[in-house]
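Colleague: Chain residues, written in single-letter form:
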Amino acid sequence: MSETRFSKDHEWVRLEGDIATVGITRHAAEQLGDVVFVELPEVGRNLTAHGEAAVVESVKAASDVFAPVGGKVQEINGALTDDPAGVNADPEGAGWFFKLKIADRSEFEGLMRQGDYDAFVKEA
Amino acid sequence: MEATSTLKRTPLYDLHVELGGKMVEFAGYALAVYYPGGIMKEHLHTRAAAGLFDVSHMGQRQLVGPDHATTAKALEALTPGDIVGLGAGRMRYTMLLNPDGGMVDDLMVTRTAEDGRLGLVFNGARKMVDDAYVRARLPRAVELLPFEDRALLALQGPKAAAALGRHCPQAEALSFMTASSASFDGIACHISRSGYTGEDGFEISVHAAEAQRVARALLAEPEVLPIGLGARDSLRLEAGLCLYGHDIDETTSPVEANLVWTIAKRRKIDRDFPAAPKIMGQLFDGAPRRRVGLRLSGRAPAREGADIASRDGQIVGRVTSGGFSPSLNAPIAMGYVPPAFAEDGCELDIMVRGKALAAQVAALPFVPNRYKR
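In the order they appear, the protein sequences are chains A and B.
Note that this note's numbering numbers the first sequence so that position 47 is 47, with each residue one more than the last.
Note that this note's numbering numbers the second sequence so that position 276 is 276, with each residue one more than the last.
Warning: the hint list may mix true and false statements.
Between beta-carbon pairs, the in silico distance windows are [to be verified]:
1) A:Ser2 to B:Phe176: 51 to 61 angstroms
2) B:Gly354 to A:Ala103: 18 to 28 angstroms
3) B:Ala358 to A:Ala94: 48 to 58 angstroms
4) B:Ser297 to A:Asp104: 34 to 44 angstroms
5) B:Ala162 to A:Gln74: 39 to 49 angstroms
6) A:Gly78 to B:Gly354: 15 to 25 angstroms
7) B:Ala330 to A:Asp104: 50 to 60 angstroms
In case anyone wonders, no lab produced these hints; they're calculated from the structure.
Just so you know, these numbers come straight off a predicted model, no measurement behind them.
Backbone N, C-alpha and C define an ideal beta-carbon position, used for all residues, glycine too.
Pulled out of the complex, with its shape left as it was, chain A reads as follows (with noise of 0.2 angstroms):
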C-alpha cells in the first residue's frame, strides 16, 4: 500500500513503508518549463523536512527542491542526470528525484492530500 501527499512548495511524496519517494508535481513542472539540469544530495545525507534537498535548473532559472519530509537519503534517480528533461515527461512518476528512509510520519500526516493540493493550485 502506498500513499501520495503533497507540499506547498509543489513537491509530491509517495510513502511505501517506511521509504518515502520525492518528485516536484506537474503544476511544478509545467511552471518551470524545459528543465535542463537537475542537482540531487548525495546518498547518505540526512534532510531535515523543509530544507534544501534539490535544485532544477530551466533554460530561464534555477529552483530549490526542498524535503517534504525529513529523512536519510537511500537512492536518488541518476537518470535524471543524464536526461534533465525526464522531469518534464514524467514528472510524478519516472522523473522522481530522491527516496527517503523518515524519521517522523507525522510529518507526512502533515502534507495535502491530492484533493487539497488541487485546491490550493487553482487558489494560486
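Use these hints to put chain B onto chain A, whose structure you have.
Modeller: Just chain B, lined up with the frame of chain A:
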C-alpha cells in the same frame, strides 16, 4: 501574474493572452515570457525557421533637425559612432555615453529617407532615462520626439525572409542593417533587416492600430511561431550580444564591454566623443576588465551574479549573463575578467552554490551569426 493587471500593455497584449502566453512584467510592460511550446522549442524554432517577437516595449523615437549633418552631429556628441557618415536607409548600433565613458544605453540608429530625421530605438527599461539625458544635451535646432503609438515586431530566423516576402516583397531586397518604408499587405510600415538573435531577420515598426493585423498575418505563415522573452534572452546570449542592465551599464565602457568596433575611426582621430581621453587610453593600454564568453564543462548553468575564480581560487570577476544554450545543449555565460584571464581558452572556475564549476573563456558569438550582408 497577479501584478500584471497594473502594467502597461503593448498593442499585441490581447494576442499574447489568446496564444496562451505566460505573461510577466518586463520594463513596466506585461509581455509573454513563453507560449505553451516552451522556451526550448521556441529557441530552436527561431534558429531553424522563423520566430515572431513583440518588442513594442522598446523606445521608438525620432531625432529631428533641419538637415542630416545637424541632427547627426547632435547625436555624435553623445555617442562614439559615425552618424554623420551614415547613408540614407542605413542603420547603426551605438551607445549613449556618460562623461565617465559608461553607457547610459545602447541603441539602434537609422537614417530615414527624410533629411534631418534619425530613427532611434532605446531599451524599454531605459527609454525615460534616455529621453531626459538626450533632451538635456541637444542643441536648440534638434528635437527628440516620441514615436510611441507604434508597435515594433521582430521576425527572426533563416525563413523570416520567405515568410515576410509573401506580404512585403520589397523586404527581401534589404541587406543587413538597412531599412525602408514599406507596405505590408497595404499597411504602411518601416521595415529594417536587423534584430538581436544572431539570425537573419527583420524589425517591423507599424502603427499600433495595425499591429495585430501584421502579427496575425505573419503567424499564419507555416514557418512562423510566436516567441517570448525567455527565448529572446537565450538567443541573444548565444549570439554574444549584450543585455543592458546586465552585461553593460553606466559603469562599463565600450572597451571593457568588447564593443570597440562601435567606436568609429573618424571619432578616434577627432577624439570628440564623451570621455574620449579615458576610452582612448583604454584602447591603447587595455581596460582593467573585459567582457568574455564562457563555456562550462558540465551541464549545470551559471547565472548572473556568480563569481568567476582563477584556478588558484582567487575571485577575478563575475558572470553578467548566464544560462543554458539550447543550440549547443550546454551551459554558456558572459562575464567580466581582467585582461590576464580574457584570452580564449583560459581555464577558470565559476562558483555556483559553493561549488567550483570548470569553465573556459570562449570566442563570441557562441553560435555563428547568419546575417544577410
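Colleague: Are the hints correct? Go through all of them and say.
Modeller: Results of checking the hints against the structure:
Taken as a hint, the range 51 to 61 angstroms holds for the pair Ser2 of chain A and Phe176 of chain B, whose Cβ atoms sit roughly 60 angstroms apart. Take Gly354 of chain B and Ala103 of chain A: their Cβ atoms lie about 26 angstroms apart, and the range 18 to 28 angstroms holds. For the pair Ala358 of chain B and Ala94 of chain A, the supplied restraint of 48 to 58 angstroms is violated, since their beta-carbon distance comes to about 30 angstroms. As the Cβ distance of Ser297 of chain B to Asp104 of chain A is approximately 40 angstroms, the hint placing it in 34 to 44 angstroms holds.
Between Ala162 of chain B and Gln74 of chain A the Cβ separation comes to about 55 angstroms, which falls outside the hinted range of 39 to 49 angstroms. Remark: the range hint 15 to 25 angstroms for Gly78 of chain A to Gly354 of chain B is upheld by a beta-carbon distance near 22 angstroms. Hint check: Ala330 of chain B to Asp104 of chain A, Cβ distance near 41 angstroms, so the stated range 50 to 60 angstroms is violated.
Checked against the numbered hints given earlier, the structure breaks hints 3, 5, 7 and satisfies all the rest.
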